[in-house]
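*Asks:* Take the sequences, apply the hints, and build the full model.
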Amino acid sequence: MREIVQETVYGGGIALIPSFAVGRTQEMLLMLHDLGFPIFLDGMGIEATEIMLNNREFLSNPHALQRAFSRARKINRSRERKNVIANPCIVITTAGMMNGGPVSYYMKNLYNREKCSLIFTGYQVEGTVGRTLIDTGRYVNEGLNVKPKMRMEQMDFSAHTDRSHIIKYIKKSNPGRVIFVHGDNPDGLVKDVRAMGFDCIAPKNGDKLKV
1 MREIVQETVY
11 GGGIALIPSF
21 AVGRTQEMLL
31 MLHDLGFPIF
41 LDGMGIEATE
51 IMLNNREFLS
61 NPHALQRAFS
71 RARKINRSRE
81 RKNVIANPCI
91 VITTAGMMNG
101 GPVSYYMKNL
111 YNREKCSLIF
121 TGYQVEGTVG
131 RTLIDTGRYV
141 NEGLNVKPKM
151 RMEQMDFSAH
161 TDRSHIIKYI
171 KKSNPGRVIF
181 VHGDNPDGLV
191 KDVRAMGFDC
201 IAPKNGDKLK
211 V
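Counting from 1, one number per residue, gives the positions in the sequence shown under this note's numbering.
Since the hints were derived computationally from the structure, they do not count as laboratory data. None of the hints are false.
Here are the simulated lysine-lysine pairs, BS3-like style, with alpha carbons at most 30 angstroms apart:
1. Lys108 to Lys147
2. Lys147 to Lys82
3. Lys208 to Lys171
4. Lys210 to Lys191
5. Lys115 to Lys74
Simulated DEER-style distance windows between Cβ atoms:
6. Ser78 to Arg138: 20 to 30 angstroms
7. Phe37 to Asp187: 43 to 53 angstroms
8. Asn185 to Lys208: 14 to 24 angstroms
9. Glu142 to Leu59: 27 to 37 angstroms
10. His160 to Asn205: 11 to 21 angstroms
11. Leu209 to Ala86: 44 to 54 angstroms
12. Gln66 to Lys210: 38 to 48 angstroms
13. Asn87 to Pro186: 43 to 53 angstroms
14. Met155 to Glu126: 16 to 26 angstroms
15. Lys210 to Val146: 42 to 52 angstroms
The structure displayed is predicted, hence computed values, not measured ones. Each residue gets a CB set at the ideal place from its N, CA and C atoms; glycine is no exception.
*Replies:* Okay, structure coming up:
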């Protein structure tokens with residue numbers, strides 16, 4: 001991530017980083033604030049970070065987050081965005097899957113700039129603008145249907161646990177029932193959990209469950 005951002009900004013471009021407001025925005029701030037580049041923070045991530053900093057007892061390193069957040073320049077009005085994209089910088093903004101939020105403005109103005117980079121930082125659900133862009137190479141949103149010239153990178157950051165830890169947690173907690181509600185192709189995991197002796201299902205959209 002740091003290498004891509006450095007290559008982009010030193011090359012005269014803008015590193016556009018769509019990020020989830022809770023968790024990922026703060027992770028990006030902590031990872032990039034010491035590079036020495038201007039960092040602009042836009043969207044719901046600003047308020048989410050402020051809420052976190054008002055509840056410091058729940059943070060592992062509140063001082064580091066406060067320092068990173070203080071160095072970032074916050075965008076509070078839409079008219080400020082025009083000045084943001086005038087010079088090389090880092091933009092961390094919602095929405096993480098590119099459905100709505102300030103990222104739409106930045107994409108409209110940056111998609112044709114070869115020196116800029118779009119860096120995905122999280123999972124893109126099927127049907128979202130981000131997933132369509134990854135699968136087809138086309139940005140389809142708010143009247144645009146274009147093939148961006150900017151560099152695109154997909155980084156493997158995740159806020160979710162992996163299979164082995166899910167299995168370990170189920171064994172330790174010994175639940176009466178396991179319901180998987182998030183993720184692609186859960187059938188294999190459901191089969192394995194059932195083989196362990198647990199009642200386990202992965203409902204489809206529209207299924208009704210009695211809990």
